[in-house]
Amino acid sequence: VPIVSAVGHEIDFTICDFVADLRAPTPSAAAELIVPDIIDLQRRIDGCARALGRQLLNWVRDAQQRLDHARETLQRCLAHKLDSYRRGLVHITRALEARSPARELMMRRNRFADLHRRLMACPARLLETARHRFLRIEGILRVLAPDATLARGYSITTNERGQIIRTTAAVRPKMKIRTHVSDGEFGSEVLLDKIFTEGNKENKG
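In case it helps, my numbering puts the sequence shown at residues 133 to 337.
Worth double-checking, as some hints may not be accurate.
[Said to hold, decoys possible] Below 20 Å or equal to it, Euclidean Cα-Cα: the simulated EDC-like pairs (lysine to aspartate or glutamate) are: (1) K213 - D194; (2) K306 - E321; (3) K306 - E292; (4) K308 - E321.
Source of the hints: derived by calculation from the structure; they are not laboratory data.
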């Protein structure tokens with residue numbers, strides 16, 4: 133506790149003057165020293181209040197700026213996150229739709245129907261193709277058949293064993309032969325003593 137000495141006799145000193153924290157010449161002077169001036173005190177209080185107000189205002193402004201910055205950052209982060217989640221959801225939805233059992237079933241059903249149509253049309257198409265091939269081959273065989281050759285005026289000659297005579301080398305005098313024509317066949321005998329070839333005929337002429 134501060135001690136103020138104020139005996140009132142400036143020329144005299146007491147023991148308390150030496151141990152007191154402050155020595156006043158008179159009690160009224162001690163009162164003035166102890167109790168500050170109200171106007172000065174009010175001025176100091178007002179100054180402190182203004183300084184404190186400015187400090188609080190600066191602090192509030194700084195806090196408001198940081199809060200606004202944090203709010204903008206949070207909004208950007210939330211918007212980015214929401215957009216990312218939305219894109220992911222769209223991707224997952226499309227993937228699920230692409231692998232949907234109903235979609236897969238519909239695709240398989242359409243494929244089965246297409247295969248069924250092809251299978252039903254295949255025998256008829258193969259049969260028609262085979263029929264055309266048969267008719268073409270039949271026409272070729274008719275042209276190349278012996279009966280068709282005979283009908284065009286040709287004849288087929290065979291020996292006694294039924295072998296076709298293709299050259300003069302297979303013929304000998306007195307040989308019995310059989311000639312086939314378009315409407316039948318007849319037998320004959322080689323009467324010539326010498327068989328002539330095309331070359332012999334030219335030499336003979």
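Evaluated hints:
The suggested pairing of K213 with D194 is violated, with an alpha-carbon distance near 28 Å, which exceeds 20 Å. Among the hinted pairs, K306 with E321 is consistent with the structure: their alpha-carbon atoms are about 6 Å apart, no more than 20 Å. Distance restraint check for K306 and E292: the Cα-Cα separation of roughly 12 Å lies within the 20 Å cut-off, and the hinted pair is therefore satisfied. Our distance criterion of 20 Å between C-alpha atoms is met by K308 and E321, whose separation comes to about 4 Å.
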